[in-house]
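Enquirer: Listed below are the residues making up each chain.
There are 2 protein chains.
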Amino acid sequence: MLKIGVDAMGGDFAPEAAVEGAVMALEAIDAGSRIVLFGDEKRIREVLAARNCPTDRFDIVATSEVIEMGDHPAKAFQAKGDSSITVGFGYLAKGAIDGFASAGSTGAMMVGSMYAVKPIEGVIRPTISSLVPTAAGHPALILDVGLNVDCKPEVLAQYGVIGSIYAEAVLGIPSPRVAVLNIGEEETKGNAQAKATHDLLREQEGIRFVGNIEGSHIFSGKVADVIVCDGFVGNTVLKMAEGLYRINKALGGGNAFWDAMNYENVGGTPVLGVNAPVVIGHGCSSPLAIRNMILTTESCIRADLTSKLQRAFRN
Amino acid sequence: MLKIGVDAMGGDFAPEAAVEGAVMALEAIDAGSRIVLFGDEKRIREVLAARNCPTDRFDIVATSEVIEMGDHPAKAFQAKGDSSITVGFGYLAKGAIDGFASAGSTGAMMVGSMYAVKPIEGVIRPTISSLVPTAAGHPALILDVGLNVDCKPEVLAQYGVIGSIYAEAVLGIPSPRVAVLNIGEEETKGNAQAKATHDLLREQEGIRFVGNIEGSHIFSGKVADVIVCDGFVGNTVLKMAEGLYRINKALGGGNAFWDAMNYENVGGTPVLGVNAPVVIGHGCSSPLAIRNMILTTESCIRADLTSKLQRAFRN
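Line by line, the protein sequences are chains C and U. To convert, take the position in the first sequence, counting from 1, and add 747; that gives my numbering. To convert, take the position in the second sequence, counting from 1, and add 747; that gives my numbering.
Incorrect hints may have been included.
The list makes no distinction among identical chains, and a pair is therefore deemed to hold if it is satisfied within one copy or across any two copies.
Mimicking DSSO-like on lysine-lysine, the simulated pairs with C-alpha atoms at most 30 Å apart in a straight line are [claimed, not checked]:
1) 750 with 899
2) 969 with 936
3) 996 with 841
4) 827 with 1055
5) 1055 with 969
6) 936 with 822
7) 841 with 750
8) 865 with 827
9) 936 with 865
Honestly, the hints are just simulated from the structure, not real lab data. Keep in mind that this is a model prediction, so the values were computed, not measured.
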């Protein structure tokens, strides 16, 4: 039985939204998967009862503390040893669950990723990524989206490899096209960072590097499946897309392309390059967003993503 | 009489689109403004005749050469001494015209800006900017959008001042709100460049600095009128917006907000921080795009933008 750990106390509307999202996920996960909820057992049972969901559909690990958004992530991760996130990462590190997802403190999730499950050997700096919709109908993966805002080219080149493995293993894209986000298509274009990254990725074996991609093609789907950029640029791209999604929605322009831009449908932000599947959700996650975050976590587990990444960076 | 110089040979569809755009601009410019066309006089007259436009509505400066997109900008600017761009900048430098606009070689336009009219004393590096629409109905100015992709904080801080003067003088926004594009609103957020720029702009006198703006608010109009970023990020923002505009249009989602995103309506890219108004248009400019580029140039001239910038950077 595959076990998906879920922080029932994570997010602005926990535990209600988190538990309701887990109930929604039940319909979609594989028969061989089981969701393990970490949190206040009494409150979890209350939400399940209100939804007429039998408690035995889940494993519940009772925890007594919560890392709040205002807490210092690293200090709280230590000090609140019985928090849902700290306990969840304990289970993940010892192999009692196969992946962990939370819409709680992003900082604490990163602390757990870096210090409990730890970076994969050979990965300079783990990354957070996001899926964006494309006009071609299939999603593209963009990374980094905010973890590493001052990146060396060697770090960005690794993101090309990590993204390629994710796109193939989890998204099912054979031989995914990897590109560097840049201000022009020509290889001589760009800032020093993008040019050096381009040079490294051109020589990288095992990936299908297609060169530079301009901002105009991020969402076209015509050029690349995996888009590499530093966390400053990636975060700006992602937030700008979210802002335009909201404007477009307010203007009444709904359609499948823009709906896929809605964070609720994106399925959370995978932390990539650490020794277990970890997925972080928006703090404001709705039950639907939680459901999709859980499905992303399950996909990472079923795709055996961690082993594939570990093998790729093994000397 | 105020004189607006226009390169009739600039752009993929010149001279037809350029001259037709100039004819369209006639209806919109001030009675005290006159357009000076630089280019192949015979072909200009042919286009005017085809449009039933009397030749005497324009000044025409006959030139015999054209700097092509494939030409090396700096070399061609020198070698093609009778090109429309080189002659146009000659007129601009000697004060025979008050501003110059072209949809031709961007590189040659920058060579002319830097070496014929030259940077304003005190400006470390001139910049190119662009207007973006906002959901609030008024435009925002974003700079730099691609000229300087590796920027020191001192350069970016000057862009805050330049943008503020432009927004007030040309866009008519009193006390425009100036922000640094960043990955979080808190002043401790960001990469090294954004943090240092934030610190410099916070101490900058004469502008209304409102702190950081996230990507989600570039198009909201709620936070800032002037958005400062390096040319790598700004170019990505602009091209991403263009790409989403095209996708949205293809999906049938037209409305005033998205229409304002159309490059044809943006009015070209002003070069800011040089000793005369210079505006660069898209290579693929339609007559409408040319018309709006000419109107932007006229606005810069009428606002006395250059003098205001010169005074701001005078010691």
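Enquirer: Okay, which hints does this one fail, numbers in order?
Expert: Structure breaks hints 1, 3 and 4.
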